[in-house]
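Starting from the given sequences, assemble the full structure and let the hints guide the process.
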Amino acid sequence: MDFNIYDFTSFTTWVHNALTSSMSPGWAMFVELAIVGVVFIAFYAVIGLYLVYAERKVCALIQNRKGPNRVGPFGLLQTIADLFKLLMKELIYIKNADKFLFNLAPFIVIIASFMAIAALPFAKGLHAIDLNIGIFYLFAVSSLGVIGILLAGWSSNSKYSLIGAIRSGAQVVSYELSVGLALLSIVIFSGSMQLSTIVESQANGWWIIKGHIPAIISFLIFLVASTAETNRGPFDLAEAESELTAGFHTEYSGIKFAFFFLAEYMNMFIVAAIAATVFLGGWMPFHIPGLDGMNHVMDYIPPFVWFMGKTAFIIFIMMWFKWTFPRLRIDQLLKLEWKYLLPLNLMNIVLIAFIVLMGWYIK
Amino acid sequence: MNIFKYFGEVFGAIRSLWAGMRVTGYYSIRPGKVVTQKYPENRKKLIIAERFKGEVIMTHDANNQHSCNGCGICEMNCPNGSIEIISNKITNAEGKSERVIDKHIYHLSMCTFCSLCIKTCPSNSITWGHDFEHAVFDRNKLTKVLNQPGSSIRKEIKEVKETKEA
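Residue numbers (this note's numbering), protein chains in the order written: chain G, 1 to 363; chain W, 1001 to 1166.
Bear in mind the hints are in silico, worked out from the structure with no lab data behind them.
All C-beta atoms in this analysis are idealised placements derived from N, C-alpha and C, irrespective of residue type, glycine included.
Worth double-checking, as some hints may not be accurate.
Some but not every residue of chain G turned toward chain W, in silico, with C-beta under 7 Å [as the list claims (entries may be wrong)]:
no., residue
1, I62
2, R65
3, K66
4, T324
5, L328
Okay, structure coming up:
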């Protein structure tokens, strides 16, 4: 076995060969799927829980507080304790709720975010599936989550849930356009929809640097629109505490509530990971052409660390503006999308197409 | 809408949002600005503000003397009846009858910390103490006698009052 933290291709081929040599190809495929599933469930739980912890710490720092600091060193075990509390809580069944849809909704939300992580390239050769339309796929599955939210709102048979779900629907349908167009700008630059090709195209510089002004505009629009798409503050109208108690998950308790809660944080991780992959080079180290000494030092840092570092940076920015800005009203939210982000984005796409046509970007 | 006004709005919005993020960013990278105290660990060196209202206390000087003459204004002003004064009549050295307090009783359990007793005390004998750990297992322990045992009244009340006002 040839294990290398800089290139996982040999490792994954070794696993594949070991499995196919001992069983039929069908079974090998099945075992591989099971391994990937288990790894992703573990990853999902750890990332989801620690993002909740990170959010509480970032929020505390911004508000001059200390944040969780009692359970475990620096409060690191706080969210795990919270999860155990939620696991042991009673699942309350709503009298006139549509039971089947009510139980199904949290799983749809979770499955949508699960499908999205499958396509993310975590390091060289370390992705579950490398589709040639990766961005298109991510874009499609990340918007599936809203079906779960709408079902949760509809089946709860509660006015708060329904209003929250309708708002969420309006919001996701609007902001989907901006997310798609912002990603499209990098598709124009790199000429590919395959995530591994997009990452490879950033070996000599990340798109946010190579694509200069239009790429930065796209990046900012993507940040705003993806925050809105994941229903996070300042766009958290779907669960506006003050007017809708908790929005679409008002009637959920126990582990089903935890599913919505974890899915929200996981969606944040996914959009941050997409932004890191597309705009900040994914697992690609930071290279400046010509400075070979520095490039070698940068190459020494494993790609997985680069990927997680960039994702953490974008997550920090998203938390930063969640805890800075007040929430928008529903009309302001739609005005921001349809009157500002969408026209700017369309202009930006035309500008990028022109720049690529003339070759006015760093190649 | 004018195109210049439109872009002006966009840039104005970005500038004002960035101003807000600068403020929160400033605090997020300065742990020294954190105001939360780790309470049970630092109870020896807690920083408590001067204006903090923990409980009503009666100030006693080094000779175990207080300045309360038992006039009962605090008792009358208290909206919840948290204060009861039991006073005695004694005959002083000059042969005159004089009122002294036997017990200044304060029911912490009924107090709303409105400060009316302290504001209206003519001789400034009661004030706010900074003790806040009031949890007890028996509610009778919340009834406190404010004058210390064996304490007596200080004679130069008038002077104290004047210096305090000046």
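Against the structure, the hints:
About 4 Å separates the beta-carbon of I62(G) from the nearest beta-carbon of chain W, less than 7 Å, and the hint is met. At its closest, the beta carbon of R65(G) sits 5 Å from a beta carbon of chain W; the interface hint therefore holds under the 7 Å criterion. Interface restraint check: K66(G) against chain W, minimum CB-CB distance 5 Å, threshold 7 Å, status holds. For T324(G), the interface hint holds, the least distance from its beta-carbon to any beta-carbon of chain W being 4 Å, beneath 7 Å.
Restraint check, L328(G) versus chain W: the minimum CB separation of about 12 Å is more than 7 Å; hint violated.
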